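Protein chains in written order, with the working numbering: chain C, 43 to 365; chain Z, -5 to 308.
In short, the hints are calculated from the structure, not lab data.
Here the structure is a predicted model, which is why all the values come from computation and not from measurement.
Beta carbons are placed, not taken as given, at the ideal position from N, Cα and C, and that holds for glycine.
Mixed in with the good hints, there may be bad ones.
Claimed, not checked - Only part of the chain C face toward chain Z is listed, based on derived beta-carbon distances under 10 Å: (1) 163; (2) 210; (3) 211.
Said to hold, decoys possible - Here are the simulated EDC-like pairs of lysine to aspartate or glutamate, each with C-alpha atoms no more than 20 Å apart in a straight line: (4) Z:195 with C:141; (5) C:103 with Z:72; (6) C:103 with Z:193; (7) C:295 with C:352.
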Amino acid sequence: MDKLLLSVKNLEVVFPLRTGAVTAIRDVSFELNQGERIGIVGESGAGKSITAFAILNLISKPGYLASGSIEFDGIDLAEADEDLMRQIRGNRISMIFQDPMMTLNPVLTIGTQMEETILAHRDTSRDDARKIAIEKLKAVQIPSAETRLDQYPHELSGGMRQRVVIAIALLTDPQLIVADEPTTALDVTIQAEILELLLDLCNEFDVGLILITHDLGVVSQVTQRILVMYAGRIIEQGSTSSIIENPMHPYTKGLIGALPEMTTPGEKLNQIPGVMPSLQDIPSGCPFHNRCRYIQDVCRSRLPDLAKREERLIACHFPIQYD
Amino acid sequence: MSAQTLEVRSSAWQRFRKSLVYHSFIHNRTAMVSAAVVAFFVITSLLAPVLAPYDPWDQTQFDIMDSELPPVGSNGADQRFVLGTDAMGRDMLSTILYGTGISIMIGVFATILQATIGISIGLVSGYFGGRLDSFLMRVADIQLSFTTLMVAIVILALFQATVGLRFYENYAIFVIVLVIGIAEWPQYARTVRACVLAEKKKEYVDAARVIGLKPRAIIYRHILPNTISPLLVISTVQVANAIITEAALSFLGLGMPITKPSLGSLIRNGFDYIFSGSWWITAFPALILVVLILAINLLGDWMRDVLNPKLYDK
């Protein structure tokens, strides 16, 4: 069961811009076992999506993978050529995007888009592809799947569309699904349904999941482990329950404290003061130091390593202690 | 299950009948009349061999003694020739039927050629971008800086001079289609490229890449169908333009030969006789040309309005 599926080591993605090179993520390392579900959380611009795209070798130009290795089931994706990547994308690793409105092609029927995905990776007839498509639509609990296949995306509701997107991600029985904020564009009631569905499907088909989100509530529902990212680095990593209960990094603590559930009704929400530094001028020392409540001199000058502390990895000079 | 899916699939026509395009067409008199006019010309010219009383391409069928007979209704008209005859004694009605067919054929095939070249180049240019894009678009600019007429005149004149008139008469239609097709491809290339630039930023293209599709499949199956509405609009306009260009070339003596005349060559042919009072040789083909072009352009206008969602509230 605990077979290593994905191992990312020292990943660094650089965007050479006119004003100088910007390192979007640096020194990102993590591992994922077969069937394991992890969450990557952080503010906008922390490098969550870049990490996901880097795994699929789809960083948009002019960005490139400067260093690091991505080992997926024995294959180094960082070194893989375009042909090999195409065999892996959509086949062994699928991706779910944020807005189902945008990810389905408006002029093709659901069926065409699903069949196409299967035919790109499997040597089957169109009829068989259609059968698989119907089967997966049923798996994501879409009623009267046969008729849905001949409909266009605009004929479906938002939640329905995201179900179709998930069905497309499942078509080729992938080992890993990367979901980039899959519920942000949906309203709250649908969100819960979709998350539950995603969780059930991952369990049923033994699929690994990387869930990218800024919503800690979402992560805590679905994942087993959390990576917290800040300014392109992983700053805390550990099991979901322990991080939610006892966040050791001041930033993680701030994030959890900022949840509306954590405030008394009528009071102002707890914000983390300040904004995340721009990737072009990350402060010296700990990148979080100018927003941190527990700042000491050493934080300004020395970057904390991502070190193991109890069952956790944490990059902070003075992690919060719990008894 | 299969019966159900079959039923859904066979209802494409019903779906079209429910669509906005159909609705707007039914409620737009201009569009319906224009479509009827275009359809009328297309059908009559397709049926020309059946409908025409004479074969205008067969020189043994007409008699010089019948030359310049006026249309029925005027003095000295002959009942055999409803629209009169030209200087060779050829029946105008038959000649116009065949000529309309040639004009429409040139228009359609030249447009297909333009579209094929232009769309392929535009898709590649827009999708891959970078230096390839700059190169292809500069080529398009250069091509556009030579007007179609100028390119056509040079090529056709050279062709006519080198291969001789007899050979030219047989192959003129291919050369004209080729010249108009090649001269106008940048229209398509630019439009398609602009659409591709807008489309390729959309997430469904990312999604298609994530699915593992090859660039070819992404370009043709995903992006191209999303650019189809502006292409339909240009296509109608370009058919009309190609017909006009051919008519202009014919008027300069570089279009279809008078033995197999298009509408343009008929106008040109009759123009020599207009001051001797034989107005009908020029007037009827000219009228047909104007009506045909007007109908096609009105159809194009309607299509542009209906396919542009920003104009719906009008």
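Hints, one by one, checked against the model:
With 10 Å as the threshold, the beta carbon of residue 163 (chain C) comes within range of chain Z, its nearest partner Cβ sitting at about 6 Å, so the hint holds. Nearest Cβ of chain Z to the Cβ of residue 210 (chain C): about 7 Å, under the 10 Å cut. The hint holds. Because the smallest distance between the Cβ of residue 211 (chain C) and any Cβ of chain Z comes to about 9 Å, under 10 Å, the interface hint for this residue holds. About 14 Å separates the Cα atoms of residue 195 (chain Z) and residue 141 (chain C), which keeps this hinted pair within 20 Å; it holds.
For a cut-off of 20 Å, the pair hint linking residue 103 (chain C) to residue 72 (chain Z) is broken: about 75 Å separates their Cα positions. At most 20 Å may separate the alpha-carbon atoms for a hinted pair to count; residue 103 (chain C) and residue 193 (chain Z) meet this at roughly 17 Å. Distance hint between residue 295 (chain C) and residue 352 (chain C) is fulfilled; the C-alpha atoms sit about 17 Å from each other, no more than 20 Å.
In summary, the structure is inconsistent with hint 5 from the numbered list given earlier, while agreeing with all the others.
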